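Asker: Convert by adding 4 to the 1-based position in the sequence shown; the result is the number in this note's numbering.
Worth flagging that the hints you see were computed from the coordinates, not collected in a lab. Small disclaimer: the values here were computed from a predicted structure and weren't measured. Hints are not guaranteed to be accurate.
Stated by the list, open to error - What follows is a list of derived Cβ distance ranges for each label pair: (1) GLY33 / TRP183: 51 to 61 Å; (2) LEU290 / MET313: 48 to 58 Å; (3) GLY33 / LEU333: 19 to 29 Å; (4) GLN27 / TRP100: 16 to 26 Å; (5) ARG266 / TRP183: 40 to 50 Å; (6) GLN27 / HIS401: 21 to 31 Å; (7) TRP113 / LYS55: 48 to 58 Å; (8) ALA51 / PRO181: 55 to 65 Å; (9) VAL355 / GLY114: 51 to 61 Å; (10) PHE403 / LYS213: 36 to 46 Å; (11) GLY185 / LYS213: 33 to 43 Å; (12) GLU208 / VAL355: 43 to 53 Å.
Glycine is no exception: its CB is placed at the ideal position from the N, C-alpha and C atoms.
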Amino acid sequence: MSHRRRLVVAATLAALPGVAAAQTVQIYGTINVDVESVEATGAANSAQDFKSRGRVTSNSSNIGFRVNENLGADLSAFVQVESQVNVDDGTSSGFWASRNSGVGLLGNWGQFILGQWDSPYKVATLRIDPTADVGIGGYGGIIGSTGGTTAGQGGSNFAQRASFERRVSNVVQYWTPTWGGVSARFAYGATDSSLGSAATGVAENTGLKPQLFAGSVAYENGPIYAAVAYEQHNDFQSLNTLLGAPASSGKDKGVKAGAAYRFAQGFTLGAVFEHLEYKADDISGLGALTRKVDNWYVSAKYDTGPHTMALAYGHKGEDKLSGAGFSDLSDSQAYQIMARYGYNFSKRTQVYALATRITNESNAMQNFANSPITPTTLFRDPARGADPTGFGVGMIHTF
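Could you put together the complete structure from these sequences and hints?
Answerer: Structure follows, in structure tokens:
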């Protein structure tokens, strides 16, 4: 938002009764739309192949409002309301405050937020993905298990319950100031008072209280960026939902580390490693079940003048299963490759082209992290063994 426009908005609001002159209001947003050709073929059952077709996709397009009031003594109050806008079709799935929204205080001691916000785990390595995990090329096709989601504790289906790329509803967050290039974030996702039925949440009659705990530490100094993050989901029911088993207690855990280095010539290399562990304390009376998966991702980006080019490769490891009569799931690995070119007309406007492909082994079902193909009852996934492939040309404008 331009300085002049921000002043106009602030002056207009300041003229209203009860609005302090020390309060500033900013309107901001991003519109990111592309035309794509997508398919998912090679399924174990060829009848489940998703044949090639075109579509126009709004990639995390949004509009937001930020309010900041100076309270004195190095203390400020802030409000943010950010909403998804589906400019491709105008559907109601882009609803008010559907993205990072909350209220809080900030000062030289850090920042405190109440509301709905990206988890510290999610934020820790986003910058290592050249797409920032936006669009079909996002690294959430591999990292974080089942793609990005906005959900409360427990979620309403397997994909939401298993995802570690979360925007967390009903959350409390604290962000530290930066000391010598080091900063940290901590989050607690509350159970909330209404969990719903087993179809839309972890049912109230189970007696379970799903909760989320997350934290990250990042270091940035010149060309170096590095981060580690941890997230824990208590009683989210991911494995029970996957297997259609009755509810039981359990803990799912994710830990990841990432680093990037920018060379003087505009060339940046980055890498992320992630270990995910899901545990249900009981599966249909057969005892505890544990699922472990190791994922990794590498990226390279080159910026020169108005041009930006990127390549990335990700690998989802084999599902390691133990307990409740299960053993390791063979042929469950997946691989993603992504190439992207962008041309910047200005700091606010870019046109781009990208191509991506996820190769699933016969027992893998990874999908695009955003705008996935053919969701089914339990998964936001293609048919088992099918390989999602996409090409797109689009435009981004920020304001």
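Asker: Please flag the earlier hints that this structure goes against, numbers listed from lowest up.
Answerer: Of the numbered hints given earlier, those the structure breaks are 1, 3, 5 and 9, listed in rising order.
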